[in-house]
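*Asks:* Protein chains in written order, with our numbering: chain X, 1 to 267; chain E, 1 to 267.
Hint data in this document are derived by calculation from the structure and do not stem from the laboratory. One should not assume that every hint holds.
To be verified - Heads up, incomplete: computed chain E residues facing chain X, CB under 7 angstroms, no partners named:
1. V3
2. L4
3. Y22
4. E51
5. G55
6. P94
7. R150
8. R266
Where a beta carbon is used, it is the ideal one built from N, C-alpha and C, also for glycine.
There are 2 protein chains.
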Amino acid sequence: MRVLVDGRESRSIDPLDRGLQYGDGLFETIAVPGGRPRLLDWHLERLAEGERRLGFPASDGDTLRREIDIVSSGSRCIVKLIVTRGSGERGYRPPRPARPTRIVVAWDWPATAAAAATGARVGWCRTHLGRNPALAGLKHLNRLEQVLARAEWDDGVMDEGLMCDDRGHVIAATQANLFAKVGGRWATPRLDECGVAGVMRRAFCAWQAGRGAPVEELAMTRAHVEAATALLLTNALAGAWPVSALEGRPLALDPAADEFQAWLARA
Amino acid sequence: MRVLVDGRESRSIDPLDRGLQYGDGLFETIAVPGGRPRLLDWHLERLAEGERRLGFPASDGDTLRREIDIVSSGSRCIVKLIVTRGSGERGYRPPRPARPTRIVVAWDWPATAAAAATGARVGWCRTHLGRNPALAGLKHLNRLEQVLARAEWDDGVMDEGLMCDDRGHVIAATQANLFAKVGGRWATPRLDECGVAGVMRRAFCAWQAGRGAPVEELAMTRAHVEAATALLLTNALAGAWPVSALEGRPLALDPAADEFQAWLARA
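So here's chain X without its partners, still in its complex pose:
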């Protein structure tokens, strides 16, 4: 593992950093499947959008690209990029100007990634997602809901858990976006109240749109998901991961997952 903090090899963060104090920051998880970061432009676009919405100064894209190259150094790995609002005085008030902290970490490509081909066994989480349009869509550092949801199982039988909001709308899996085939067409939950607008979700939507079958963004209910003829999950690491079972009920793997993976490998 390699870690750069503000461009320097380091394993040290200021305990007063607002990323730790308040979760006042953003992150990106970037797959580097063959030595080159995948969909990097879109990751940096999403980060920039998050910085704009949280009132951070904009990161320099060239610096980020250079540091991602340094930590990954051409190997197959996964890079996590964190940008926080930096340190400041005590209290919630954001320092003006803020001096963000930049953390870039590379991990070895995880062994579990290979398992994605066999299909995901998913179930419902009890922990729900709070709704807040001010934070919806962002990949920010306030992730306790996902932590609590992911703590609900550790049985080796379930691979991912689906999370709903308090209205019963299905939003996403703990670390993936969700697509459901309903009436022969792919739909995905609307993310205007909560959830993370994943880069791989964007890619899957773009691919489907390019085939003339645009994905519908839906106020998706559990009934939609339970009636779906196929489900798949997307995230930066797995690409598209077809769902093989929902609460123990087998589901056919849709060929769209493989077709998308092939498109992604070419793109």
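Fit chain E to the given chain X structure using the hints.
*Replies:* For chain E alone, coordinates are given in the frame of chain X:
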């Protein structure tokens, strides 16, 4: 400022700590007005309750007390205690067993604390609080909503901002609990869906109950607040801070604030 990390003087946290990665942690802000931490038992009780609800191993109270004494070293200061789930593997799944990180920081007693006597000028924040019973009441590290709310003003005219949830229920100020005198009795918002159950809120409720006038926990609306004959804010640092104006409309300072401060000084 003095900082202990896991008992040692340090300004360094692992960038992979889950407190930073996910906001997977808890904190307490403890006033040490005269060299002795105020309401420390209740702070440690709330921390323990948070640890239980998040599935952390329980912190050792004696260790925490000792470290709070070390950083404060008998001086007038404010101590912030953070407990995170520590470092672990990549991903939301909590490590089992977790090895928490403990951070204890002492700051000089802030100059702004003196201003509390003059009354707080408050207004409404646009940023609302998302609701999640799994996190309600806890003083956890996911505080982006408060950061966004606190970023709404920087005018020197407003001291605090009141936050509502998406149903229009008033929950709290950005860094204080709220009490409203309605029909001659003090009421405070219910915190079963969001908000932080403040230690000073508990103290104010205990004091009122001891006087035979228990505080009512209410699904408080903006109408309640706008009709209140008096408002006051509580937090660990200020104690009770009477509100002198709501959105520019003057409010009489209720004597309860001073009476409570006197009780608190004796307690």
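*Asks:* Hint E:L4 vs chain X: min CB-CB distance below 7 angstroms?
*Replies:* violated, 9 angstroms
*Asks:* Can you verify the interface hint for E:P94: is its Cβ closer than 7 angstroms to any Cβ in chain X?
*Replies:* Because about 5 angstroms separates E:P94 from the closest Cβ in chain X, which is inside the 7 angstroms limit, the hint holds.
*Asks:* With a cut-off of 7 angstroms, does the beta carbon of E:Y22 approach a beta carbon of chain X closely enough for the hint to hold?
*Replies:* Holds, because the Cβ-Cβ distance from E:Y22 to chain X comes to roughly 4 angstroms (cut-off 7 angstroms).
*Asks:* Using Cβ atoms only, decide whether E:E51 comes closer than 7 angstroms to chain X, and label the hint accordingly.
*Replies:* Violated. Min distance 13 angstroms.
*Asks:* Quick check on the hint: E:R150 CB to chain X CB, less than 7 angstroms?
*Replies:* At about 4 angstroms, which falls below the 7 angstroms cut-off, the nearest Cβ of chain X leaves the hint on E:R150 intact, so it holds.
*Asks:* Given E:V3 was flagged as interface, is its beta-carbon under 7 angstroms from a beta-carbon of chain X?
*Replies:* E:V3 check passes; min Cβ-Cβ to chain X is 6 angstroms, inside 7 angstroms.
*Asks:* Please verify that hint: E:R266, Cβ, nearest Cβ of chain X, below 7 angstroms or not.
*Replies:* violated, 28 angstroms
*Asks:* Can E:G55 be said to touch chain X, with a Cβ gap under 7 angstroms?
*Replies:* At 6 angstroms from the nearest chain X Cβ, E:G55 passes the 7 angstroms test, so the hint holds.
Hints 2, 4 and 8 from the earlier list are contradicted by this structure; the remaining hints agree with it.
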